[in-house]
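K.L.:
Sequence lines, in order, name chains B and P.
No gaps in the numbering here: position 130 of the first sequence is 129 in numbering that gives the first Met the number 0, and each next residue is one more.
No gaps in the numbering here: position 12 of the second sequence is 11 in numbering that gives the first Met the number 0, and each next residue is one more.
Simulated from the structure, these hints should not be mistaken for lab results.
Cβ atoms here follow ideal geometry from the backbone N, Cα and C, with glycine treated the same way.
A hint or two may mislead.
Claimed, not checked - To list a few chain B residues with every Cβ distance to chain P over 12 Å, as calculated: (1) V167; (2) F226; (3) K234; (4) N337; (5) D361; (6) S384; (7) S467; (8) D573; (9) I617; (10) G619; (11) G677; (12) N678; (13) D695.
As the list claims (entries may be wrong) - Heads up, simulated BS3-like pairs for lysine-lysine below, C-alpha to C-alpha not over 30 Å straight-line: (14) K664/B to K118/P; (15) K133/P to K656/B; (16) K656/B to K75/P; (17) K75/P to K660/B.
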Amino acid sequence: MDGNDKHLETFRQEADELLGEIETVILLIEENPEDDDAINRLFRSVHTLKGSGGMFGLTDIANFSHGLESVLDKVRSKKLAISRELIDLTLAYRDQVGLMLHAGESGVAPDAARVEEIVTRLRALSPSSETMSDAPSPIPSAPAALSLPHGSVVTYRVRFNSHPSLFVTGTEPALLLDELRSLGECAVVAHFDDVPALEDTDPETCHLNWDIVLTTASGLDAIRDVFVFVEDICKIDIEDISSDAILDPDAPQPRLGDILVHRGDVAPADLHDQLNRQSRLGELLVESGRISSTKVISALSEQQTVARQQLATKNDSVRVPSDKLDALINLLGELVTNQARLSQIARNTGDMVLAVPVEEADRLTDELRDIVLNIRMMPIGTTFSRFKRLVRDLSGELDKQIELVTEGAETELDKTVIDRLADPLVHLIRNSIDHGVEHPDERIAAGKPAKGTIKLTAVHKGASVVISIIDDGKGLDKVAILKKAKEKGLVPPDVNLSDKEILALIFLPGFSTATKVTDVSGRGVGMDVVKREIDSLRGSIDIQSETGTGTRIDLALPLTLAIIEGLLVHVGEDRYVIPLSAIEECLELTADRFATTSARNMIQVRGTPVPLVRLRDIFGLTDPRPPLEQAVVVDVGQLRVGLVVDQVIGNHQTVIKSLGKLYRKADCISGATIMGDGNVALILDLAGIIRNAKSDEASAIIRNTEARRSALV
Amino acid sequence: MDQVGDIVQTDQYLTFTLAEETFAVEIVKVREVIDYVHVTRVPRMPSFLCGVINLRGSVVPVIDLRLILGMPSIEKTVDTCVIIAEVVMDGDALHLGMLADSVQEVIDIDPSQIDPPPKLGSMLDTEFIRGMGKREEGFFIILNIDSVLSGDEMASVEAIKAAASRASA
């Protein structure tokens, strides 16, 4: 019973992937209905889902899929064009199958009436499908076809040498070849060598032979079954070529010559002879009359299939539960810490005999760290494809025309970051659709194209990845935001704010400008949650908005949550790590640096004044400062601040450790790291420090004002 | 039968001193005792949360029991130890270091030798006391370390912090 459950679970996982693929591909097809490759991919996914659904006894999924498959088959053979209805139905199909798959766990039962409706509408799309293909096409019979997608798929070479009397028996070879095609990926090459001149041709005699390279999961028997009525009179050779040495994934791509020799089309000696003349092998063989050109073409197509097959084998992946990866990362963290310690000891002792192996171990640890961290890296594109659907559905619902353009889908990020990023991104994109992009008539009135664009991009920028959501909508209404914030008492009524500060108000808890609450967005719980989630990922968020032209939101995120590059500094008796990604420069606080002699809290950095934040003040240290302090200029969400420290020590690669529950309220500190000497250094949370610096300053000003007032009274 | 009963009934405690007074914690809560190491202070936190230490690659928070129990903090001596205990905070178990002036011994105490916390006169918040143990040498105070980190206590951290930041600003 357990085993069965496990298989069913595997099936569900695979089916979820197939559904994801179906969704991605159908949206691709919507953009480009002429994309035959995508249509084939879609058909294959639905077909596999049907086959494996049937295999696991999920007949409802199998039957449902069959309906869609029949329609797609017609699309594939160009008997039916892609229509909006078909795309809608395919997406509806995808959702219903998703429900069917997880009905047991989620408790949400699939809507039988809806399924029935989809099937009926699918039938209406292809009226003749009842007669044409109601008989289910062969379901793959290999039991492990799905759970081992690469393992059980075998490439066969089928040589179909027909007998001249083939037609007399009433056999149509084209149908046999079609049947083979339905089994899997199939390359067919016909040999015309035996076809006589036209006047000598007997129309009732078959002069053709075929070479077929078939990649299928159906097994040898399924192929034999195709030829069951002709095998008595024709010569059918079926050979498994994926088990040959030429399909060994480690072997170089099979050479044409090898294949020809292997097939017995050419003798090794002839081949060798030709190879000595440096020219295209295929052409040479044909020229010299040793074999016919069709044989070469046939072998070439086999070469291509085998090459593709190898590529698939090479892309083979292993599914590993992420907690195993987490354990690996933790262990790696320990190793890196220990290695740093070891290196320091080796340096301190100055023993050359020790230094060499320690250096070697250092290098190996670095390499290991890079590889292990890389395992967790995933292209962000997997999340992007989800948003295509979101944009499509929501814009339809709101009667808007919106196109989602994505860039940089291949940008890699830590899996944890990607997982936790999905919800904030959904929220931001929903906001853009709901509040950003206008209705088509409004857009035309404003002189913009009726169709709005939301651009979702991801790029590497130093040690972080910047994800931008850019829409060409109406932009944020700064006046309304400020008015609202004042109404809600989030800012004092007489305050004067810059555009930047006004835009930042939308991240305050309980803020929402939408006068109307739609079910899409606008419950006032949105942006502050987004901000908190991005903060917890040690990322930053930045908004730019021009009224009338659109809004741009940039999310800067660290590549990984496990390790950061930092700058080690001394403040008081402890050391702290400042994330390197935020640092612009370090400088010494000499007297001529200060902007004015009276303002000791401002310095000149390349002509611009930069406020100073003294970490000693923030941390409440009272012991005397060193005579010469240093400042680290950091960029925190577009605000440049000089952090005053006692001394800058240098670069430090940092394995991040959580401070634990007891310190969850320490808002200046985002984590801790263990140094080479065994002491703990704290990692600064720059946004938290700025926040604290601001509130300290505000309370100091209030105290001063009060003191002044009381002095006056 | 009686003997077996005695063994089961006897509880073991680790005793330590704070400001000349003897305290004890249940031995089952104690993971290890280490010598005092440099504690890295976490800024802008109440002073009884004195910081974090590295315990074989894990970052472990350390609290100053003196400050929690309302005693003045003192300079560290050679006898100063960190008792690493396993405590429960809001339903989650975590490791916690507690500073003690010196660690004494592990003792067996019969439950009959433990009195409920006194209502008056201990000069301590009775919430932190599980009971008073009796020995020939005198009384010792058994701490309830789980309550030291209870939600109520941590909630007051916020208030202390606000007061501290007002004071320092």
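K.L.:
None of the hints should be skipped; say for each whether it holds.
P.N.:
Results of checking the hints against the structure:
1. Distance to chain P confirms V167/B as a non-interface residue, since its nearest Cβ pair spans about 82 Å, more than 12 Å.
2. For F226/B, the requirement that its beta carbon stay farther than 12 Å from each beta carbon of chain P is met, with the minimum near 66 Å.
3. The beta carbon of K234/B sits about 70 Å from the closest Cβ of chain P, which is more than 12 Å, so the claim that it is off the interface holds.
4. Listed as outside the interface, N337/B is inconsistent with that label: its C-beta sits roughly 8 Å from the nearest C-beta of chain P, within the 12 Å cut-off.
5. With 12 Å as the threshold on Cβ separation, the claim that D361/B sits away from chain P holds: the shortest Cβ distance comes to roughly 18 Å.
6. No Cβ of chain P approaches the Cβ of S384/B within 12 Å, the least distance being about 37 Å, so the stated non-interface status holds.
7. For S467/B, the condition that its CB be more than 12 Å from all CB atoms of chain P holds, with the nearest at approximately 34 Å.
8. Annotated as non-interface, D573/B brings its C-beta within 12 Å of a C-beta of chain P; the closest such distance is 5 Å.
9. Not every Cβ of chain P is farther than 12 Å from the Cβ of I617/B; the closest lies at roughly 7 Å, contradicting the non-interface assignment.
10. Residue-level check failed: G619/B sits 5 Å from the nearest beta carbon of chain P, not beyond 12 Å.
11. For G677/B, the non-interface assignment is contradicted: its Cβ lies about 5 Å from the closest Cβ of chain P, within the 12 Å cut-off.
12. For N678/B, the condition that its CB be more than 12 Å from all CB atoms of chain P is violated, with the nearest at approximately 6 Å.
13. Non-interface status of D695/B relative to chain P is broken: a Cβ of that chain comes within 12 Å, the nearest being about 5 Å off.
14. Restraint check for K664/B and K118/P: not satisfied, since their Cα atoms lie roughly 33 Å apart, outside the 30 Å limit.
15. Taken as a hint, the K133/P and K656/B pair is broken in the structure, with Cα atoms around 42 Å apart against an allowance of 30 Å.
16. A threshold of 30 Å between alpha carbons decides the hint, and for K656/B with K75/P the separation of about 27 Å falls inside it, so the pair holds.
17. Using a Cα cut-off of 30 Å, the hinted pair K75/P and K660/B holds, with the two alpha carbons roughly 26 Å apart.
Hints 4, 8, 9, 10, 11, 12, 13, 14, 15 from the earlier list are contradicted by this structure; the remaining hints agree with it.
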